[in-house]
Amino acid sequence: MKVRIKYTKSGHLKFIGHLDVMRFFQKAVKRAGLDIAYSQGFSPHQLMSFAAPLALGVTSEGEYFDAEFNSLVSSDEFVRRFNEQMVDGMAVNDVVLLPDNAKNSMSIVAGSDYHVTILEKDNDANWKIRREKLLEAVPHLLEKDTIEVLRKTKKNEKVEDIKPGIFKLCIDEDKIYMFLATGSEYNLKPESVMEALCKETGIEYNKFDYQVHRIETYMKNEQGELVSLLESGTRIA
Amino acid sequence: MAKLALSDEILMEIEKPARYIGNEVNMVKKDPASVDIRYCMCFPDVYEIGMSHLGIQILYDMINKREDAYCERVYSPWPDLDKIMREKQIPLFSLETQTPIKEFDFLGITLQYEMAYTNVLQILELSDIPIWAKDRTLEDPIVFGGGPCSYNPEPIAEFFDVFYIGEGETRYHDVFEVYKALKTKGATREEILHAIAKIPGMYVPSMYEVTYKEDGTIASFEPIHEDVPRTITKEIVLDFDKAPYPEKPLVPYIKATQDRVTLEIMRGCIRGCRFCQAGMIYRPTRQKDVELLKKYAREMIANTGHEEISLSSLSSSDYQCLKEFIYFLIDEISNNDVNISLPSLRIDAFSLDVMKKVQDVKKSSLTFAPEAGTQRLRDVINKGLTEEVILNGAMQAFQGGWNKVKFYFMLGLPFETIEDAEGIPQLCETVAKAYYTIPKEERNGKVAITASASFFVPKPFTPFQWAPMLDPQTYRDRAHHVKDTFRQQLNAKSMKFTYHESDVSALEGVFARGDRKINKVIYDAYKSGCIFDSWTEWFDNEKWMAAFEENGIDMNFYTTRERDVEEILPWDFIDIGVSKRFMIEEWERAKQGIVTPNCREKCSGCGAAKFGGGVCFEGKN
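Chains G and C are the protein sequences, given in the same order. Residue numbers for the first sequence follow my numbering, so the first one is 233 and each next one is one higher. Residue numbers for the second sequence follow my numbering, so the first one is 10 and each next one is one higher.
If we strip away everything but chain C, and leave its shape as in the complex, we get (with noise of 0.2 Å):
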């Protein structure tokens, strides 16, 4: 057992102890000292949060298989050791061998959602590792960023070394071996910084010149050497059968956020929705073996002892072997000991059937995710959903016992009405009296509607990249107007709305959108104390406001300004595949509320083709 970084006095003092001691159930153990390269994974949230990220254990595993590498883990100290260490003058450390992170080869930093940047300079600046890329030297460690925030990682470029862009199972293999010859040949930082660059898929922003019109727009982004890539085109797994997977997971202690085993059984999303960035920045869709699936299940189980299993995927009813895999799950790994986590599910006479399987009908409720409250504005979105189907799904459910339905909406969509905002409790009502329509005597008492809606961040890389964001105050009062027409409906005491803060969602479409003029003002929002953004009870708006103000910077021209398509945009270096052509027509038919259809009814020529697999190439051997 290594000996522990914290010493036991201040382990009792702090709240759940176990989240940095390490030693979980199946943690990898190596000796440093036999290794060349030393990574540390991070995730820049409390620890129960990062453990529950799948994206970190396929790293994990991948990395720790090399016998030349060790990879560790380190998550975002909570507030209350936060202090301690702060005071006290202790490194942060890694969980595996209890090291400070200084002494590693590379901090890797996953990027899940915009809120945790704060949380990134909390991580380097407990480590001692510099704060700003461009005052770090050979005792340093290199400081990569990935995940779905690095497709524009112009905002926190100043902060990182290396992005990678993409998915992370195809180039760490080869950034070791160039990181590992400079190494052992004595290279400066800034030779290894180029080296990498010359990857494909890195990027390293220190590499590159940015300049600015007089309207704050991008004037050009280009590369400082002839030999760095001008596009820097994203890492994709071809082939997702071979591609690596944790048959062993880490299983912590402590109950994390999601505790149990998943199972991805599919990457990408065949659908298209204009508003979401996942669904194009994972083009190809592509989905693993339902053989191969049903072996990780039965393993994984068994190397773990969780009691539930779940699924992961962007639209598991687009998995073309779901029926399949679920109905084996239930028959042969379920077996009274583990319990099957059903994902949302379109709703038809198969869902209904394994949810009836799986759950306590009393208590599950049904979930629909329409977005928009009317068919115009979902064909704006290009959400296939139509009432119909929202109408039919229900109404065999409510046959088939249940009466709780929740909705996910959002608002502030892109050319969105009052009539649309109107919309969502006028679909409620409709669906509150179909349930009424079905007899007393063979309904489940009274029906139960929970909608909720959240305000929509344009993201880069979707048709919607150039759309206006609504202003907080505009989101606010049309919430309000929700509301208002909410209590309006006959069925309204049946029905609850909700809806998100507009503050959070505010700064998320700064830093969605953002570019490299953000980095001081994120910088200067973490040393007046924020951190943690994304928990409610530490969120400090005003801390932000008087951030942007002290920087000069308007958050209006990120979020409320329209963009114009010929404006170059701050992540227009990075090559998703999917055309800026594709984009525009896409932005087009959006304005024109015309629907595209997803990848299996017709290709739409978006350009994802050029990787050479996934259902760009079905039945087309």
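Chain G with its partners taken away, still in its complex shape (with noise of 0.2 Å):
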């Protein structure tokens, strides 16, 4: 049977790196006493696949990994027991049980918001001015044709135009909310995001100026609409 399950990674966190993240809820799931399934053969690992790789730094509310159990306990059980063996920084928020032709959840993210947090540093007589040019230039940014910034690729480099990317950009308060496109069909950075606006107001861009943080990862539901990762499942009563 097989459930996802939505987790929170904060706090210093943000450092584990997505391998170290596997394998702290392989470890987790065993503490826990759940009873996970394993696959065959000599060496048999538990059967176990995360949705949207995080990047180093940032932190998320929306994450997500799918897992297989031989037997269950309710979403609330499953949630209590994982979150006595979690640290500080990590969190289980809720856990749902999904059809058996679910397709699994890398396979069908689309989809990702984030806030980003313009940090302010110490010393940093300028902060409260970089903050309020990047601010004002939010809402304009949609308005262009394109929006062009170089993308990295492992092979190489090229100027992109990232503006299909964007489904949604404005600001939240003090914060900066962006819905992107994220999976294997197209992938935007929030950092890409991050630098065209810089390029748009004449800031050089730092990345550790910003302090990223995802709030939810999304998939496309039978209207096309895009809908949260537990859409699929059903809480388990």
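Hints were generated in silico from the structure; no laboratory data involved. The beta-carbon is built from N, C-alpha and C at its ideal position, and this holds for glycine as well.
Chain C side only, calculated, beta carbon under 7 Å to chain G, not exhaustive:
| id | residue |
| --- | --- |
| 1 | 18 |
| 2 | 27 |
| 3 | 34 |
| 4 | 263 |
| 5 | 314 |
| 6 | 345 |
| 7 | 369 |
Sample of chain C residues lacking proximity to chain G, with all beta carbon distances greater than 12 Å (derived):
| id | residue |
| --- | --- |
| 8 | 76 |
| 9 | 121 |
| 10 | 230 |
| 11 | 321 |
| 12 | 339 |
| 13 | 404 |
| 14 | 453 |
| 15 | 509 |
| 16 | 510 |
Taking lysine-lysine and the DSBU-like style, the derived pairs with C-alpha atoms no more than 30 Å apart in a straight line are:
| id | chain 1 | residue 1 | chain 2 | residue 2 |
| --- | --- | --- | --- | --- |
| 17 | C | 12 | G | 353 |
| 18 | G | 360 | G | 431 |
| 19 | C | 38 | G | 259 |
| 20 | G | 353 | C | 111 |
| 21 | C | 304 | G | 259 |
| 22 | C | 143 | C | 529 |
| 23 | C | 264 | C | 39 |
| 24 | C | 25 | G | 353 |
| 25 | G | 262 | C | 264 |
| 26 | C | 366 | C | 455 |
| 27 | C | 207 | C | 74 |
| 28 | C | 303 | G | 259 |
| 29 | C | 189 | C | 12 |
| 30 | G | 376 | G | 452 |
| 31 | G | 439 | C | 97 |
| 32 | C | 74 | C | 251 |
| 33 | G | 439 | C | 92 |
| 34 | C | 25 | G | 262 |
Dock the two chains into a complex; use the hints.
In structure tokens:
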């Protein structure tokens, strides 16, 4: 039986890489005494697959993985038992049961939304001005026909129009809110949008000036609307 | 969550930031303001290695059980961070509360191998603690050394305030009580160290004076105060079942070198191989109760979520309940989701059966450690393994489907001849030939034999402590000769021979049996940039050679010189229980190639019985 687990990764845990988060949950599920299923063969491994890898340094309250269990407990019990095994910065938010024919989370991810905080650095006299300029530029960025940034791939660098990957961009109090394409079809990182905003305002882009936080990870439902990955399943009573 | 000592920018810039943030599963959290004693435990190597060390986990757990003490951890910053910390003047910090090390009462550094010595200086310097113990004040932590290398602490004696000689489980409580009492009284650093020097097992180097003869050997080694002991007897845990054991060990985020539950089943070894220091310093052999081990196995798997369990001891086949325990692990713990990582076992029907159960026969290999190529030399080193035993074990395994064999040897052993060296390829050839006596249809393809040789380093507290070490050039020539001899064997294509580098071993030879004159060499080498010497990519032999030269020190004095049994050795002030008389007897027997029986066959009266426990009293309630 396959379940989907939603979790939060925050605080210092943002310095733990994706592979180590996987290892962390492999051990946590065992400490919690949950009945995880294993693959066959000489070196069996837990049947677990993670949705959209989070870059080092980014926090999130909308992370997911799918896991196969031999027996189930209620959603509340899952959450409780997982959370007994978490460390500061890591928490399980919800668990739902997936239908047998559900596709795995990694293949269906289509979008993510983020909050970007403009960090106040020590002795940074220009912080207020910088923040004002950036926040001012936010509503106008999408008015442009194209938003070009230099995108680096493993093989090369090229100038690319990232506008199609931005579903929404606005100000949310003193943060920047952005809803971007994520996944195998098109993947846009919030850092690229920040780079574009900086370019627009003539500010030199430095990735350490911003804290990116993922709010939720989305998939497309049958109507083609972006909905939370939790929507694939149902809570276990 | 404690505020991190490193900024986001630094953490994002360096390799594996998870090395420096703490907060691991089972990390102990306390309010530092609520304790009297802050102890920082250090393994002077990179995090992944340090986190794999059982001893620290034992002491971390033990000290933290005290309400009045908080034990935290620190490991060596990797060179990428080292550089940044120096540039930005960031003081080295503990993982738990991210506090500068300088603010601790104690810094305890475990000394597991000699090549970590420059890393000790890195830890001190980055902590802003004076490298030389004599320059420290009340503002600095008391720097403790412990672990196997402290059985000859002299080459690093001047960097430490105290060495804890022996097993860590016994005397920390006494040290803490003495320290607490004196601290409230406002005692000086000198007074505190003087009081610690009177606690059994504690060696305070500054309380002893060494003088030398003209030939460079030691003339005298004396305490400077009358109430400080002349001899320091090692500390040992006698009631091994009651000794503390970490039932909730720390679980790192990043993969440690040993990413598993480790169960110490036995301490000490009954065998008495003459080259082996561990076999002497941990005498007498003590076993853990099998029922207790079963309980630990269950609890530690449940508390960590580890997917592998391994056993720790010097010679697992000599653990008397091994069969029962391993079958228990297979039947009740492995349960499809926990791997049993087998220790190296004597090859027999039992070990082959369990190997078949827990390993993939096609991938796994047999391991033998004959250490020497001929029976004559194996008798010299008192390694009981005979060619017959090896052949029998190998044949049983070959018939069971195995075809890979690993051999461990040493080159440069005392009294080794060219014939002994040639015995290495000959033994491998004999085993290969034996394989091909099995009918083709019953064997599993070609045999694959790997043999490796390390450069023998004589260690203190072994019968070979007086032996000359081979000079590196002769070692290399001998290794080349062995390699050539391998090529001449009939089954040369099925055999592979590798041997260790000689430069690192030669240095190890100096540190292992060095005296106080070596402190300055280590200091100068460190100052010229030597660090992480046990890592091939960082080791820089030229810098080391320059440091010896500058100090006018001849390495051969420490390595290739044969010592007289009358000579005062730098470590003679330590009493490990095994007497010097026994060591001399063993050295003589080695020269004559006479084997000494193991502790269970017949007591040889080594002296360790004086501790009143372990194998010396088995079956003699």
